[in-house]
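Trainee: Each chain, written out:
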Amino acid sequence: MHAETQKQAEALNKRFRPALMSFFLRRIHNFQEAEDLTQDVILRISERAASIDASRPDAYVFQIAANVLRDHWRRSRVRNAYETETLAVRGNWMDELDPERVMQSRQSLATVAGAIRAMPERTRTIFMLFRLEKMKQREIADLLGLSIRTVEQHVMRASLMLRDTLAQGGADA
Amino acid sequence: MTPHDAHDEAAAIWAIKLGDDALSPAEREDFQRWLDSDPANVDRLASIVGAWEAVDRYAASAPMMTLREEALATARRMHARTPGMAIQRPPVWMLVAACLCLVFAGISVWYAQQPTFYSTGRGERQIVVLDDGSKLSLDAGTRVKVRYTRDGRQFWLQEGRASFKVAKNPLRPFSVSARGKLVVATGTEFSVELIGRETRVILYEGHVAVLDGDARPRAAPGMFDKKGSAGAGYVMLDPGEELVIAPSATAAAGAPTMAIREPANPLPSADWEAGQLVFENEPLTVVVERTNRYAETPLRLGDARVGLMRVSGVFRAGDTANLTEGLAATLGIASRPGKDAIILTAPGDKE
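Chains as they are written, first to last, in the numbering used here: chain A, 1 to 173; chain B, 174 to 524.
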């Protein structure tokens, strides 16, 4: 069972680690602490994977992230009064604090699919393997006979194109 | 499209690294330095990650599925052009033949796609390592048809029980057909068994989807939603779960019943691969069928009633005498030699 949890954690890492890291880094500007909290969240989710609401996994994950962060602040006595109050008063404080993230992730399907379609074929293919088929860069490079650096460049370009389209609110949708 | 500055590009690269492997100590330091160098950097990072989340959110939607299928098809084409990576090329002599004669060209392609059959006789087990590194393990009395093509790995369980350890490759979906059901897998370990009128699937590790109907799915295995809705025409299994598919009680209704059950701990891993037959509250019909895959003299049920009696226990495959003694001691089931078989009868039955 332990090995299974490990595997589960690996898959969750790929999906949620960047988002959790940026979530924590915005509030704690320290890589090591953000990393520890991220691993804490991933461990908690992988232990409870079966009970995650499959239709809204991200809501669940960020709920846990918020709890972990709250505990962290409680433990470290450096919490500042404003943050503590924010936590106490607002249930949906995450949304308030992460407006772009939430705005972007609420873009319509047509906008998102359109942004992906607009990418050059090779860039799109590599991005899809990386983000949706959850392959590592090394695996994609081996599969397609490319260098890791080339794969990285394609994913980078795809990510920036996507971000720009979504940040415009999908002007072309 | 706005040109991207170095800050944006760096943010995207860091997001990619965070989503891939763990950072090396040197990379951690670089990353911290990059974060500290400009307070806006963390926002840049968040904006990349937010864009990814928008994609993840629609991962299972129809338009996104189409995009995913297209991406996989393109990747397959790119993969095929990669030198030294071609899969299942016909042998060189066939290529020569193909050059000599166009008619032969057709034949060589046909030959390369011919299925292979593996089968085991009574009391015999077999392990086959396939050329992609996947492992096929056959219980006694089992017959499996295998067809490997460039873009798929297909198996048909025609009789008995087999377990599969799948080498991960999203470009070559791995599927097992059994009695009109299809089990689709990614990197995983599972077994499929035909027993009585039931089909049983046990998942040891990873994920599989079991589909109604054995047409090859258009979707790649990763595309099945976790805990697929019953109406979606497939069932997802979690490790440790067993899916029992039985024909419906009323023959007319047609629709089979699919029920997931969680076997008692510890997971009854593929015990049969180690020569053990493990039964947990199974009807005697199942016990007899599994035992007979090994028995020189098969067991036969004296009547339908005895077949319904429930049995739990661990027996050595092929040791029929030990089994019949156990059945007599615990359930009072009598055994007597019949013509070409040992007949089992329920206590109180006289013949």
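Careful: at least some of the hints might be erroneous.
What the hints assert, rightly or not - With a straight-line Cα cutoff of 27 Å, these simulated DSSO-like cross-link-like pairs (lysine-lysine) come out:
#1 K136(A) / K341(B)
#2 K318(B) / K134(A)
#3 K14(A) / K190(B)
#4 K512(B) / K134(A)
Simulated from the structure, these hints should not be mistaken for lab results.
From a predicted model like this one, the values you see are computed outputs, not experimental measurements.
Trainee: Would you mind marking each hint as holding or not holding in the structure?
Mentor: Cross-check of the supplied hints:
| no. | hint | result |
| --- | --- | --- |
| 1 | K136(A) / K341(B) | holds (13 Å) |
| 2 | K318(B) / K134(A) | violated (30 Å) |
| 3 | K14(A) / K190(B) | holds (10 Å) |
| 4 | K512(B) / K134(A) | violated (59 Å) |
Checked against the numbered hints above, the structure breaks hints 2, 4 and satisfies the rest.
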